[in-house]
Amino acid sequence: MKVKNWSTLFGVFVQAGVLTACACQTNVPVPEEPPETRPVFQPQVPEPVKPAKPREPEPKHIPGTDAEGNPIAVFYFRLDDATLSSTNFAALRLHADVLNDDPSKRIAIEGHCDERGTREYNLALGDRRAGAVERFLLSAGVDQSQMETVSYGEEKPVATESNEAAWALNRRAEIKYK
Amino acid sequence: MRELVAILLVALALSAQGFEIIIDRGTDNPTVIAVVPFGGLPEGREIAAIVSADLLRSGLFTPIEPRNMLNQPTAPREVFFRDWQIIRAEYLVVGTVDRSDTGSLVLEYHLMDVGSERTIASKRVDSGIEWTRDLAHFVADEIFLEITGVRGAFSTKLVYVLAQGVGTADARYRLQRADFDGERAVTLLESPEPILSPAWDARGERVAYVSFESGRSAVYVHTIGTGQRTLVAQHKGTNSAPAFSPDGQFLAVTLSRDENPEIYTIELETGVLRRITQNDVIDTEPVWMANGRTLVYTSDRGGAPQIYSISLDTLAPRRMTHQGNYNARPRLLPNGEHMVYVHRSSDGRYRIAWQQLTGRRELRLLSETRLDESPSVAPNGSMVAYATKRASKSILMVVSIDGQMTFRLPSSEGEVLEPAWSPYLTSSIESQDL
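Chains as they are written, first to last, in the numbering used here: chain A, 1 to 178; chain B, 1001 to 1434.
Hints were generated in silico from the structure; no laboratory data involved. None of the values given here were measured: they were computed from a predicted structure. Ideal Cβ placement from N, Cα and C applies to all residues, glycine included. Any given hint might turn out to be false.
Computed footprint of chain B on chain A; a stretch qualifies when at least three of its residues, placed anywhere within it, have a C-beta under 8 Å from a C-beta of chain B [stated by the list, open to error]: (1) 61–74; (2) 106–119; (3) 125–131; (4) 142–155.
Rough simulated footprint, nothing fancy, chain A against chain B, three-plus residues with beta-carbon under 8 Å [as the list claims (entries may be wrong)]: (5) 1194–1200; (6) 1212–1218; (7) 1256–1265; (8) 1276–1286; (9) 1336–1350; (10) 1365–1378.
Please construct the entire structure, taking both the sequences and the accompanying hints into account.
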């Protein structure tokens, strides 16, 4: 909710800026679409100033966001598999919105694996996992130039134990904003 | 007093080696050999100890420890064969070490057959500019050849990755080169980002590897003698799994620049790329057959990783593994008839498997642990180095090709990964018949 309000303010601010620009430079194209007013979620951006009073009751949870209201940026995979689970789609659509709203934004999509199996195969598997995220975002309208995929295979685990729990955490793709 | 000094020297020599020899399974029929501490200079004891340790690691020999020898002759005329028959030695090595005018070590040794009571070989070996360990490994190679008919691989090197702080901000990766037994390690490259997939060229002069030092994967070729590095592949996506062609002019690599991990060859002089595999699944981990016209590699084209061969002329793939749903990372044996690879067994363990390339393709498992990977074969085909985990720590093991003998390489500093066994290397050591 707080993010939504901030986004609305941000949209108004952008609109004001565009209008100002138009007043002095007539050849600057005016956006055909109305200013963005739907929720825009910006991961890894410092918390904006909170508005004094929320205008409407805060929703409990928006699909695809974490406890802080930021879009989920880590996506987990099954063993030997590079297929995105449909439970990740909501979060990925939120990232697509962020990237579509600001074409200057760039992300790295990292692909990771658990330690099992061979290292080179895991580099390739991590590549496929990052690629699955990239393809989803492409299909959601994100420009190829905004994305770079990097596979680390099993080289950068978040959990270093050798058990099912650690392995589940390591089989992942991560979106990182630059 | 002199005796005490000698005993201390033995103790030092053994502790300096620092390796751990684990005998997992009883060897079927190892050859019993006695390498008697060589006379002359004190180095003689150390050299004999290294020769014994080398022969033990091959899995084909059981050396007799000096304390179990009834006496310790240093020349054929001092040998009483009955003393060696009693302790069931089949072969006996005696000799002396001296220093030449130029300061090199000179070992004169005699290899004797205890059963027939005769001398098989008498040699004079000059270390030249090399070190005591080089001399010892050279002699072990010669003895191995005399008895088995196969050249020993004890003078070869391993390249591997030493990683510290993996998964933390302080991670350090080092590409190390060491003797096959893990001794005398030197650092070829150090980086805060991962290094993997080291691979030697056929002459032992260059190593190709993947380094993430730029933040993304890239393939480099590193000339060991000069330290010179050449960036060979840094395309969009993943650049990995380099393998030198037998003539050293090409690298096979895996690139995902065209969407999907596929195998390419790169002509090193021109940089010309040729795409070898064409599909929408993973293809990776190529190695070259000795003819230079066929690659053996891992592919998901059947739905799960299996090993295939592909002709560079026809680009027609042929499946080679059929047992289980995870067979990957092939490495060919120098005899051209067998390969080793990583196999996932039905209990979910990843182990090193051995099988024939053609004909009967039943696999044989060489390792007994559960997270085994990165097999690499000694140039004589007698041993396989691989990485595994023990107590959440990665270690290197070497197993004899018959799976009978396993030893662990020393690794006190961190995680050791990705062993790559060198080809035979040139040496200035010279040997003459006496």
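Hints, verified against the model:
1. Beta-carbon proximity to chain B at under 8 Å applies to 0 residues in the region 61–74 of chain A; the threshold of 3 is not reached and the given coverage is violated.
2. With 5 residues bearing a CB less than 8 Å from a CB of chain B, the region 106–119 of chain A meets the requirement of three and the coverage assertion stands.
3. Using a Cβ-Cβ cut-off of 8 Å, 5 residues of the region 125–131 of chain A lie near chain B, which meets the minimum of three, so the contact claim holds.
4. For a cut-off of 8 Å, the count of residues in the region 142–155 of chain A with a CB near a CB of chain B stands at 7, and the three-residue condition holds.
5. Note: the region 1194–1200 of chain B has 3 residues with beta-carbon separation from chain A under 8 Å; the three-residue rule is met and the coverage holds.
6. Coverage of a stretch by a chain is defined here by at least three residues with a beta carbon nearer than 8 Å to that chain's beta carbons; for the region 1212–1218 of chain B and chain A the count is 4, and the condition holds.
7. Coverage of the region 1256–1265 of chain B by chain A holds. Counting CB-CB distances below 8 Å, 4 residues qualify, and the rule asks for three or more.
8. With 4 residues bearing a CB less than 8 Å from a CB of chain A, the region 1276–1286 of chain B meets the requirement of three and the coverage assertion stands.
9. Taking a C-beta to C-beta cut-off of 8 Å, the region 1336–1350 of chain B contributes 3 residues in contact with chain A, enough for the three needed, and the coverage statement holds.
10. Look at the region 1365–1378 of chain B against chain A: 3 of its residues bring a Cβ nearer than 8 Å to a Cβ of that chain, three or more, so the hint holds.
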